[in-house]
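Take a look at the letters that make up each chain.
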Amino acid sequence: MNVLYSLIAVLLLVLVGAVAGRGDTGRAFIAVAVPYAALAIFLAGFCYRILRWAWTPVPFRIPTTCGQQKSLPWIKASSVDNPSTGWGVLARMSLEVLAFRSLFRNNQARLHKDRLVFSENKYLWLGALAFHWSLLIILLRHLRLLVEPVPAFVLALQRADGFFQITTPDLYASDVILLGALAYLLFRRLRDPLVRYISLFTDYLALFLLLGIAVSGVLMRYFLRADITSVKQFALGLATFHPIAPPALSSVVLVHVLLVSALAAYFPFSKLMHWGGVLLSPTRNLANNNRSKRHVNPWNYPVKTHTYAEWEEEFHDKIKAAGIPLEAEDAGKTSAN
Amino acid sequence: MPEKLLQIEPRPPHGDWRDPKVDFHKGVFCYSALPKNLKYLGLPNPREWQPFDADWKLPPDWKRIILDGMKDRLKKYRSFRLFMEICVRCGACADKCHFFIGSSDPKNMPVLRAELIRSVYRRYFTLTGRIFGALAGGRELTEDVIKEWFYYFYQCTECRRCSVFCPYGIDTAEITMIGRELLNLVGCNINWVLEPVANCFRTGNHLGIQPHGFKDSIDFAAGELEEITGIHIEVPINRKGAEILFVMPSADYFGTPHYYTLLGYLMLFKEIGLDYTLSAFASEGGNFGLFSSHEMMKRLNAKVYDEAQRLGVKWILGGECGHMWRVLHQYMDTMNGPADFLEVPVSPVTKTIFQNARSTKMVHICEFTADLIHHGKLKLDPSRNDKLKVTFHDSCNTSRGMGLLEEPRYILKSVCNSFYEMPENTIREQTFCCGSGSGLGTDENLEMRLRGGFPRANAVKYVKEKHGVNLLTCICAIDKATLPALMDYWVGGVEIAGVHELLGNALLMTGGKERTTDLRGEPLVTEEAVHA
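Protein chains in written order, with numbering that gives the first Met the number 0: chain A, 0 to 336; chain B, 0 to 531.
Hints are computed from structural coordinates only; laboratory data are not their basis.
Possibly wrong hints are sitting among the right ones.
[Stated by the list, open to error] Just some of the chain A residues that point at chain B, by a computed CB distance under 8 Å: (1) Leu89; (2) Ser93; (3) Leu102; (4) Lys231; (5) Lys303; (6) Phe314.
Idealized CB from N, CA, C, for every residue including glycine.
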């Protein structure tokens, strides 16, 4: 049901975009009011969430250590998977963010008769990495619509991305990879009984929104061939805060814009915040130097303990009979031993 | 033992996980904490109750207490807030949990264990959850949810294996710890955790051993060592002015096979002439407070530094124990430090400065011993362990909460001739829990322990069949207590020993008589010339 509801929600958005775009008022609303509102919600919400995490204390230094600690000089320490310095943490976090290091460890444990067998399982890692990197490339490519003159690196990126020149206009490899990766991630969520079991409405919603954005983008570029001049006019207008909604803007562009706006506005309320959250994760971004550098808990408070004096008072006679030195009577002396 | 052989088989999940009903059947849960223990510790809602009762006698305002408790912890722990919010439910953690592998219960997937509490978080603490409820993944907090939390947060051993694989480092141990804290607020705790805690608070150790009993145990061990080695050994207790305070888990002097590890420590200390003392007050390095709440952990841990200061030692040495080292390594200095009355640890034999412990001033016995061996300060005869084919089980906490991987291996390879590793997905940072950690090692919970321990046992079985392994070594008191039953059930013919027991076997001591038996009093297989 979660799948169906989220699909319906996204299709409704598509319908709104397609229908409302037909009138001038609707077009102006979707092309101008909605994007600005979504951007404002995104920025405010994103910052709020990040700052709230950043301002929440990390009372204890609790890195998950995934390799040998730094201890004796002749034992080789695993300086990235179990970092003991800031540089090590930087390396660990870079690998985590850029290459999904932890996900790369993924394996599969399955029972074969009475034996637990482990096998490689890198598909999730590959799918996730392909999705995130192609999305980043596509976002950067969009700069050609938002900035004039177009920066050189964007043009270079565009050339590399369209290297194969299979279609007219050039087919971007990133478009194909993004669609393939999203389709795999959705397929995996639906097919794997365990992942389907844990999936919420919001998990499908994010996927369908992204798929809707990708499909509408591909449609407008390769198939419906949206009028690029009006798209650029519109995008530059948005970027320079002189918004216009040219009548030539086709429905598919408006659908694309509406879905992107919906995703942006939804972003701060969703699990998509993992983008910022991963950087703040205390099991990853702290050095395992616990015993060499004291970590301070800002809210550390005194607790009720059982002191030595209380202990000695309760067991005084037994301590004495056992010949263990007492604080009260034998102060300064060493034990009979 | 369960009446019929447990079936470990994957079963596809069914139903809707948001239904909180659980079945407390015999063998898969721990009994409630006795009221006397709660009263002694000053914990809320002491009463007679059991998990299988319909009425858990929660306080009237239990819901407000839980929600306030969550609110408070969301403000205090970034880990908790972050881990409530960033999971994408990718499922990479699912088959990483030993309890899930052994039970096929989908709520034992780390992601769902966390969702049990996340769903309540979303319903009461997020805008979308308050407005859209179930559609936004929210779930009402009901008494059944409390029972479900109790069932599943006491079916997690806080081993952190899932957090190794999580792309965001979400650590179920953090979530379980907070979950148990919340349950503690309304008096839902287990006796296997709180009785040791109450004992430890009063007598200094989990087993409730009083000072004279402590002395008797240590003296008995010294006497036994004299019989085995022919060397008279004095073990100082509460001696002021010693250089080093040695702290160990209480099972080492009161449990088997832990006891043979104690013999190993004492032989080592005698041979190198260490200026040390034990303490009958700090007679426990382990800390079941960790399995109850952060506050309780701090209350129990305080005695380590207090006693070191009272006795005027220079630094502290710690014995073989898993969760004890999680506390000592990741919490002690923050909670009860700074230990500015101690000195940076220096090995009196090799003069090695333990820079890695310069703030906490506490060194792991494996670091200490590995350094001695590396500098050639110990005479060892590994052939004394020749009847043993040895493998090593990394404890969850020393591997994933510390990274102590090579030190024990270096010792083992120096003291025995046949050492074999288990498969790589089951050791080091990927090690599987014994299934009984975090206070779940009680016999009423045996079925779940055997299920949770299955992946570990399976890996041991593999090296037993491949290499004839007959000894599983470890550096954790809970392992030593619970792995024997696990091995008997799933593997057979594999004994458990501490690393320092094997060291004791192999250690050539100055003086004394020819050794004819190992520390367990069993004959050494090969006759060795005594180099004494």
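- Query: Taking 8 Å as the limit, does the beta-carbon of lysine 231/A come near enough to a beta-carbon in chain B?
  - Reply: Since the shortest Cβ distance to chain B is 34 Å, the answer is violated.
- Regarding the hint that leucine 102/A lies at the interface with chain B, is the smallest CB-CB distance below 8 Å? Because about 4 Å separates leucine 102/A from the closest Cβ in chain B, which is inside the 8 Å limit, the hint holds.
- Task: Return the status of the interface hint for lysine 303/A: holds when the least beta-carbon distance to chain B is below 8 Å, violated otherwise.
- Result: holds, 6 Å
- Does leucine 89/A meet its interface restraint, that is, does its C-beta lie within less than 8 Å of any C-beta in chain B? violated, 15 Å
- Message: Using the nearest Cβ pair, does serine 93/A come within less than 8 Å of chain B?
- Response: Violated - the Cβ of serine 93/A stays beyond 8 Å from chain B, reaching only about 14 Å at its closest.
- Task: Return the status of the interface hint for phenylalanine 314/A: holds when the least beta-carbon distance to chain B is below 8 Å, violated otherwise.
- Result: holds, 5 Å
Taken one by one, the earlier hints fail for this structure at numbers 1, 2 and 4, listed in ascending order.
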